[in-house]
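Q: One-letter residues, chain by chain:
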Amino acid sequence: MADNSKQQEKKESLSRRKFLKSSGIAVGGLAVGGALGSLLPFKDKKTNNPVVKNQQVAENYNLALMYFTREQFKMVEAATERIFPADDNGPGAKELGVAYFIDHQLSGDWGFNSREYMQPPFFKGEKVQGYQGRLRRREIFDIGLRELQNHSLTKYKKNFVELSEEEQDDILTDFAEDKVNLTTLSPSGFFNMLRSSTLEGVYSDPLYSGNRNMDGWKMRNYPGSQMAYTEVIDKEFTVIPPKSLKDHLGH
Amino acid sequence: MAKTLPKVDVVIVGVGWAGGIIAAELTKQGLNCVGLERGKERKTEDYFMMHDELRYALRYDMMQSLSKETITFRGNERIRALPMRQYGSFLIGEGLGGSGVHWNGQNYRFLPYDFEIRSKTIERYGEKKIPQDMTIQDWGITYDELEPYFDKFEKMAGISGEENPLAGKRSSPYPTPPMKTTPALEKFRKAANKLKLHPYNRPSANLSEPYTNPDGVSRAACQYCAYCERFGCEYGAKADPVVTVIPVAKKTGKFEIRTHSNVRRVLKSGNKATGVMYVDTTTGEEIEQPADIVVLTSYVFNNVRLLLQSGIGRPYDPVTGSGVIGKNYAYQVQKGNATGFFEKEEFNTYAGAGALGMVVDDFNGDNFDHSNLNFIHGGSIAISQTGLRPISNNKVPKGTPTWGKEFKANSIKYANRVLSVGGQGASMPFKHHYLDLDPTYKDEFGDPLIRITYDFEEQDRQLAKFLSDRCVDIMKEMGADKIESMEELGPYDITTYQSTHNTGGIIMGADPSTSAVNNYMQMWDADNIFVVGATAFAHNSGYNPTGTVGAFAYRAAEGILTYRQKGGILA
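Line by line, the protein sequences are chains A and B. Counting from 1, one number per residue, gives the positions in the first sequence under the numbering used here. Counting from 1, one number per residue, gives the positions in the second sequence under the numbering used here.
Only chain A is shown next, with the shape it has when bound in the complex (with noise of 0.2 angstroms):
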C-alpha cells in the first residue's frame, strides 16, 4: 500500500472509529481504497514487524480447557486431525488448534443451543424438518465421544486416541455411515457436528483459538480480515498476506 501516508498517518492520527462516524463525503471524496487503506491506522504498528523478532514467544495462556477432560480434548485432537490432517499444504487441525476452538466454543452460547429454540414438545421429524432432538451440543459431544470410544474398545480392544491413523479413519468412517448401532444420538449427525467445527476451527479469525497463525488462511491464500479490495477486485488473483481482527483493534 501506498507509504507516502505515513507521515500523514501520523499527523491524522484518526482512529477508526472516528473515521466511520465522519464518513460520508470527507472520505467519499478520496473514493480510493489504497488511500483509505493506509489513513487508517487499523494495522497496528507492532503487528507489522513480524512478532518473532522483537519478542521471545509470549505463553499463550488461551490454551487451556474450558470443557472438555482431558481426555476427551485428546480424542478430539486426534479425530480432527482425521478430518483435516497436516500434509504438504500445511498444519492440520491438531497444529492448528482445532480441538481448543471446539472446547471453547462448547463452554459458550453455542455449546448451550442459547440461540435456538429448545422448547418442548419434542417429536421426531422428517429430515426435511431439521435437528429435533433435546440435546444440547456439549451433551452431544459428551455422548458422541464415549461411544467413539466404546467404539473404538469394541472393535480394535484399545482407546481411540491410541489406534493406528487407518484404524482412527475406520472408526470414523463407522460413524459417518451410521454404522455404528447407537440409541442415544445420530452416529452420523455426531460425526457432521465434528466435521463442521473442525472446518470452523480451521478457517475462523484466531481469536476463537484456532487457524493458529493464521495458517489455515495462508494454505488457501484467503486474505482474512482486509478493510478494502478496491486495489484488486477487477485485477487477476493477487495473493495478499492475511490479515487479523487483532489488526482492526490498533489505534
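Okay, derived cross-link-like pairs now, BS3-like style, lysine-lysine, Cα gap no bigger than 30 angstroms in a straight line:
#1 Lys431/B <-> Lys124/A
#2 Lys246/A <-> Lys395/B
#3 Lys235/A <-> Lys196/B
#4 Lys120/B <-> Lys152/B
#5 Lys398/B <-> Lys218/A
#6 Lys218/A <-> Lys482/B
#7 Lys127/A <-> Lys431/B
#8 Lys235/A <-> Lys476/B
#9 Lys68/B <-> Lys124/A
#10 Lys395/B <-> Lys94/A
#11 Lys94/A <-> Lys405/B
#12 Lys180/B <-> Lys169/B
#13 Lys40/B <-> Lys246/A
#14 Lys127/A <-> Lys68/B
#15 Lys158/A <-> Lys405/B
#16 Lys482/B <-> Lys235/A
#17 Lys94/A <-> Lys413/B
#18 Lys395/B <-> Lys127/A
#19 Lys218/A <-> Lys344/B
#20 Lys179/A <-> Lys395/B
#21 Lys218/A <-> Lys413/B
#22 Lys74/A <-> Lys405/B
#23 Lys405/B <-> Lys218/A
#24 Lys398/B <-> Lys94/A
#25 Lys127/A <-> Lys398/B
#26 Lys179/A <-> Lys398/B
#27 Lys43/B <-> Lys246/A
#28 Lys442/B <-> Lys124/A
#29 Lys465/B <-> Lys127/A
#30 Lys180/B <-> Lys235/A
#31 Lys235/A <-> Lys344/B
#32 Lys246/A <-> Lys413/B
#33 Lys405/B <-> Lys155/A
#34 Lys218/A <-> Lys180/B
#35 Lys179/A <-> Lys405/B
Restraint-style ranges between C-beta atoms, simulated for each label pair:
#36 Pro290/B <-> Leu63/A: 56 to 62 angstroms
#37 Asp109/A <-> Thr283/B: 22 to 28 angstroms
#38 Arg134/A <-> Thr283/B: 29 to 35 angstroms
#39 Arg134/A <-> Thr4/B: 39 to 45 angstroms
#40 Lys272/B <-> Asp109/A: 39 to 45 angstroms
It is worth saying that the hints were derived from the structure and are not from the lab. Where is the CB? At the ideal position from N, CA and C, for every residue including glycine.
Fit chain B to the supplied structure of chain A, relying on the hints for placement.
A: Chain B only, in chain A's frame:
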C-alpha cells in the same frame, strides 16, 4: 395491567426498510410517528469487528434469537409441523434496520409481467396453462403505476446499475454507474453474449461511487471487502435503513424509536385499529400505544402472525380457498445452478460485494416462450462475486470424500478456482401453501408461533432443472474444465440456506374477496391499518424482493398521507 401512553398519529411496528421509509416520508410531512423495534439499536460504528465469518455468518449474531421465537414448518398438512430449532433455509433479522442491514444489496424491480401475471399468462397461453391449484392473480397495480416509486427508492438508496434491456421501462437512469467488473464477471459477460443472451451488471445498493441522495444523505463508496450478506457495512456504503431513511426521520424530531419493544397485539375497536400492545423486553412491562394509524412493517412471518393473533382480517382456509390472511405464501427456487472448476486459473473470489454480479434475464418472467414447457415464469441467472468465505466455501469435485487427506488437498486446491452460475427461480403460490398459527408451539410470551405449510411443486422441479441446464450452457461457454450442476430439486428442506425471500400472506389486489390489502397496502377490512412488506406479494418473482418492497413502502407512505387527509378506503 398494561400502561397506556398518550396517543400518536402513527405507530410503526418494525423499523427496517419498510418502517424506515414510512417513518421518513410521514415525519417529513409533520406526522408524529413512534417506531417499535423488538431488537436493539444499531449504528455503523458498532461494526468494528464485522469481518468475522464465525460470529456473523455461522452463529447468526445479527439475527433474531430463535430461543425466543421461531416458526414451525411442514411440507404438507399430513405432516406434523415442527419448530425450526436452528437456522437454515432463511434468516430472520432483528434490530434497528431489520433484515435491511444484513442484505446483500441486490436491488431489482419486478417485471411488468409480474404485476399482471394471470392476465398475461392467459392472454399468451390460454387458461389451461395454469395448474388447478396454482393461485396466481394480478396484483391490482401495473408496473407503470409503480414505476415512480421504484425510481424513488433507487434514488434514495443510490442504486448502482446499468440498463437491463429486458426489464420494464425506466423514467430515469440509475443514480450511480455500475460497480466494477471482475475477470470472473467478464467471463460470464462474454459467454452470455456468445449465447446471444443479454448480460448486465446487477443493480447494486453497494455504492459504486460516493453519493448524496435527495434527502441529503451522503455515503462513501463500496470497498469490495466481501462482507455484506449476514453483515452490516462499516462504511455505510451498502444502503440500509440505518444510514439512509432512519436518520432522515429522526432529524425531523417527529420520530421516536423504541427498541427492545416487542409488539404482541394490534388493538381494535370495531373495524378500526386503536393502537398496539407491546412488551418492553428490558422490564417485561406491557404497554399500550394508541395511534390513529397502525403500520405493520415487520418481517413477513410476524406481520401475518400479528394479524392472526389480533383477530384482524379473515384467516385463510386452505380447504375452501376463502379468507386471505396467510394466503399465497411463496418462497424462491434457488437451487438450479452450475459450478465450474478451473484447473489453470485462479480468481480473486475472496474479494467482492454483496451485489457484485452479472445477470441475464432471458429466462425470467415471460421473456421466453413457455408453450412447450411445463412451468410458467422463470428466473434470473447470475454469476455473483459476494466473497467466498473460507468456512462456508469448500467446494470439491464430485467423488472427493467429505473429509480426510483428499478432501483437504482438493478443498485447498480449488479454494480460488471455483466459479458458480446460479438461477434465482420464481415461486408460484398454490392453494395448499399458506401460513397460519401453530396449535402446539409458543414463543417467549406464550403466543403461538407461525406455521408454514409449503413444499416444492412439479412447477418448481421443472423450473429448477430448466434453469440449471441454462447455467450449464453458460458455464461451458465460460470454459470450466469440470462442471457440476443440480440434477434434481428434491423436496423443500428448511435446513439448508436458500434465500431470505419469504413472501405473501397478506397479499395485495384489486378485489377484497381475494386480497388482504389494496395497492396502497391498506387493509380492506380495517382502513387505518397498513401492512407493508413482501407480505403483499401475490407470488414471488425471479429476483431479490427488496427493490419491490421499497417501492411498495413509498407507495404506502403516499397512501397513508392521503388517508390522513381524507379517510376511507383509498383504492
